[in-house]
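**Q** Residues per chain are reported as follows:
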Amino acid sequence: MNTEKQLYTVSIYTENNIGLLNRISAIFQRRHINIESLNISPSEIENVSKFIIVVNMIEEDVKKIIGQIEKQVEVIKAYYHNLDEIIYQISGLFKIKSELLFEERQIQNIIKESNARIVTVNKDFFVLEKSGRKEEIVELYNELSVFGIMQYTRSGLIAVSKEEMKISALLETYNN
Amino acid sequence: METQTINTKDKTTKTTERISGSEAIVRCLIEEDAKIIYGYPGGAIMPVYDELYKYQDKIHHVLTRHEQGATHSAQGYARISGKVGVAIATSGPGATNLITGIADAQIDSTPMVCITGQVFSHLLGSDAFQETDIVGISTPVTKWNCQVTKASDIPTAIAKAFYIAKSGRPGPVLIDITKDAQIEEFDFSYEKCTKVRSYNPVPKTVFSSVEEAARLINSAKKPLIVWGQGVILSEAEEAFKAVVEKAGIPAAWTILGVSAIPTSHPLNVGMVGMHGNYAPNVLTNECDVLIAIGMRFDDRVTGSLSTYAKQAKVIHFEIDPAEVDKNVKTDVAVLGDAKASLELLLPLLDENTHPEWRQKFADLYAIEYEKVIKNDLYPTKEGITMGEVLKEINIQSKGNAAIVSDVGQHQMIACRYAEFNKSKSNITSGGLGTMGFGLPAAIGAKMAAPDREVVSISGDGGYQMTIQELGTIFQQKAAVKVVVLNNDFLGMVRQWQQLFFDKRYASTEMVNPNFVAIAEGYYIKAKKVTKREELADAVAEMMASKEAYFLEVCVEKEDNVFPMIPTGASVSDIRLE
Numbered sequence: 001m002n003t004e005k006q007l008y009t010v011s012i013y014t015e016n017n018i019g020l021l022n023r024i025s026a027i028f029q030r031r032h033i034n035i036e037s038l039n040i041s042p043s044e045i046e047n048v049s050k051f052i053i054v055v056n057m058i059e060e061d062v063k064k065i066i067g068q069i070e071k072q073v074e075v076i077k078a079y080y081h082n083l084d085e086i087i088y089q090i091s092g093l094f095k096i097k098s099e100l101l102f103e104e105r106q107i108q109n110i111i112k113e114s115n116a117r118i119v120t121v122n123k124d125f126f127v128l129e130k131s132g133r134k135e136e137i138v139e140l141y142n143e144l145s146v147f148g149i150m151q152y153t154r155s156g157l158i159a160v161s162k163e164e165m166k167i168s169a170l171l172e173t174y175n176n
Numbered sequence: 001m002e003t004q005t006i007n008t009k010d011k012t013t014k015t016t017e018r019i020s021g022s023e024a025i026v027r028c029l030i031e032e033d034a035k036i037i038y039g040y041p042g043g044a045i046m047p048v049y050d051e052l053y054k055y056q057d058k059i060h061h062v063l064t065r066h067e068q069g070a071t072h073s074a075q076g077y078a079r080i081s082g083k084v085g086v087a088i089a090t091s092g093p094g095a096t097n098l099i100t101g102i103a104d105a106q107i108d109s110t111p112m113v114c115i116t117g118q119v120f121s122h123l124l125g126s127d128a129f130q131e132t133d134i135v136g137i138s139t140p141v142t143k144w145n146c147q148v149t150k151a152s153d154i155p156t157a158i159a160k161a162f163y164i165a166k167s168g169r170p171g172p173v174l175i176d177i178t179k180d181a182q183i184e185e186f187d188f189s190y191e192k193c194t195k196v197r198s199y200n201p202v203p204k205t206v207f208s209s210v211e212e213a214a215r216l217i218n219s220a221k222k223p224l225i226v227w228g229q230g231v232i233l234s235e236a237e238e239a240f241k242a243v244v245e246k247a248g249i250p251a252a253w254t255i256l257g258v259s260a261i262p263t264s265h266p267l268n269v270g271m272v273g274m275h276g277n278y279a280p281n282v283l284t285n286e287c288d289v290l291i292a293i294g295m296r297f298d299d300r301v302t303g304s305l306s307t308y309a310k311q312a313k314v315i316h317f318e319i320d321p322a323e324v325d326k327n328v329k330t331d332v333a334v335l336g337d338a339k340a341s342l343e344l345l346l347p348l349l350d351e352n353t354h355p356e357w358r359q360k361f362a363d364l365y366a367i368e369y370e371k372v373i374k375n376d377l378y379p380t381k382e383g384i385t386m387g388e389v390l391k392e393i394n395i396q397s398k399g400n401a402a403i404v405s406d407v408g409q410h411q412m413i414a415c416r417y418a419e420f421n422k423s424k425s426n427i428t429s430g431g432l433g434t435m436g437f438g439l440p441a442a443i444g445a446k447m448a449a450p451d452r453e454v455v456s457i458s459g460d461g462g463y464q465m466t467i468q469e470l471g472t473i474f475q476q477k478a479a480v481k482v483v484v485l486n487n488d489f490l491g492m493v494r495q496w497q498q499l500f501f502d503k504r505y506a507s508t509e510m511v512n513p514n515f516v517a518i519a520e521g522y523y524i525k526a527k528k529v530t531k532r533e534e535l536a537d538a539v540a541e542m543m544a545s546k547e548a549y550f551l552e553v554c555v556e557k558e559d560n561v562f563p564m565i566p567t568g569a570s571v572s573d574i575r576l577e
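Note that the protein sequences, when read in sequence, are chains A and B.
So the first sequence is numbered by my numbering: it starts at 1 and just counts up by one.
So the second sequence is numbered by my numbering: it starts at 1 and just counts up by one.
Read the hints as simulated data drawn from the structure, not as lab findings.
No false leads were mixed into what you were given.
Chain A is faced by these chain B residues, among others (derived, beta-carbon under 7 Å):
(1) VAL135
(2) THR139
(3) PRO140
(4) TRP144
(5) ILE164
(6) SER198
(7) TYR199
(8) PRO321
(9) ALA322
Note that the structure is predicted; figures quoted are calculated from it, not measured.
C-beta atoms are modelled at their ideal positions from N, C-alpha and C, and glycine is treated no differently.
Kindly generate the complete structure, drawing on both the sequences and the hints.
**A** This is the structure in structure tokens:
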């Protein structure tokens, strides 16, 4: 087992019920674990939600957290993966003054090279969107920040695992 | 009352009646066989109390003197009967007063359903009078909780609550019901809950893991069993006894496990942990196979984990997968219900007696007897010891009483020395260490098992945390025997101050009231004992009493509980003095 702290995703399949976010976040809070990012969305199964929580921990502790999460009545199953075991994306949004687009020719090159997408442009500002790994978004942020960024925000990490997650099969065994 | 018959989806015919949410709550409780419930009324729960008034021939509501008392009484009721305890409170302070008992039930795996009233749903989040976010507050200390804002959701919520509270590893559940949901009328029908899609309460025992466990046990030269409350909760007492006897393995208990087999059983080698017995603690670090059954390796049991049973192969019989490898790494984990697993294990075990290994326990017991037990039970000094009070209770009860203890020195002494013949007889606050637990828990236990002798043993500190429940004893005519072992100190904290803080007795000395007068103020027969020669007769008189009885015993002020494993020390470094 890996004894170094590293980033893990904790993927949790749950019922879609009020209060469950509180119950799950309390498990991290109680153990003084900082959540690096959090995303909740519908999953591939109807009425089943999927949490993706990113934490920086040692593997042994992640395993224990998984046990505590799975113990919750409305949690169907929880998994953990390191970043090599998943396909993941993070999205970043950058709001920048429109005039810079014309005054600073370098910005146009940065946009091209980073494969960022222009979401909208008006006379005051334009919005760039960049999806990818965290480092790519941070790199773009660093490049743009020298010109001044009006607003910047980064989404939680979303991921699918390389291995199969047999949630539907699991739900069936519970029902039998 | 309007009655109608409707066809539900699955074509079964169900009878429904149009009733209010509050009546539905009471009807649900009756359906779940909750014959005695504990609580305290208030604004947001008044419609439910109005229904309890109408249904009082079917359900007995006990008015405690504080909502915390209601939870502890419900816990006592649950612990002695194995049934789900029920506590009811109003919103706001009523609800927050339940929290200590809920946290206690959570950590000690006690099945309990709490129902709280809540402000009208349109007022939620508006800081309305007596509004508090009890679902948010109780989340970390409940097995499950939810808020109900529609009357029609009440039956499924309560059915689910009872099912979740009792199944698998039991625990407390809280249902918060807004006042409009209580008032609203709907078509009521009730169906017990038997499954929740996302919830797998009892992992199926994997037979190969049992075989592996059996192989390890059969090859062991120095096996040790440590069992916990899981044996009692899964009603595995018979299977457990059969396993212990067939394999001839010395068996030690955690504080919540005691009474699963009689304390007098020849293979019962006593309590493990901080104030447990000498032999099982020392020999934990000498056994070759450690068999943990329905216990969770609490830090008070293991002492320093880095030196705990490192030489041993560890087998863990456990219902909760999250407990496996949580504190102690296991070699073989047998997940599942203890009873089912032990029944599978039994035929695979070789008969054995381990005479040399058992002799070691006897030898170490002899040392503990000489250094500690003899002085506790048969003291030669002037002051009365807590141990000799327990000895007198044992003489009178012949091991048949349920002992309900509070938290502190008296609790350790009670658990060390109380004799038990019957399971579910030791009721105490183990994991949370809740002072004030004892007296109200004893009330719940006595009401659940009126034919049993129930003795509440408290210290002068914890007793005063819920002393008002004497009023409940009086009003309910609950024949609880209440013993206070009074040393005019918060004894356990004082002991630590003596041992680890150079006797700086900061805020541990108690200037106490006239306890006998207080008990008599509640019309409870009461007596105070200060001399050894009065003790035996007083205990005999108390135990013979048909009604509630209060006995204060003034014990030696600065006695310490030994053996003791200091915090952070290894179990084998247990101190005898």
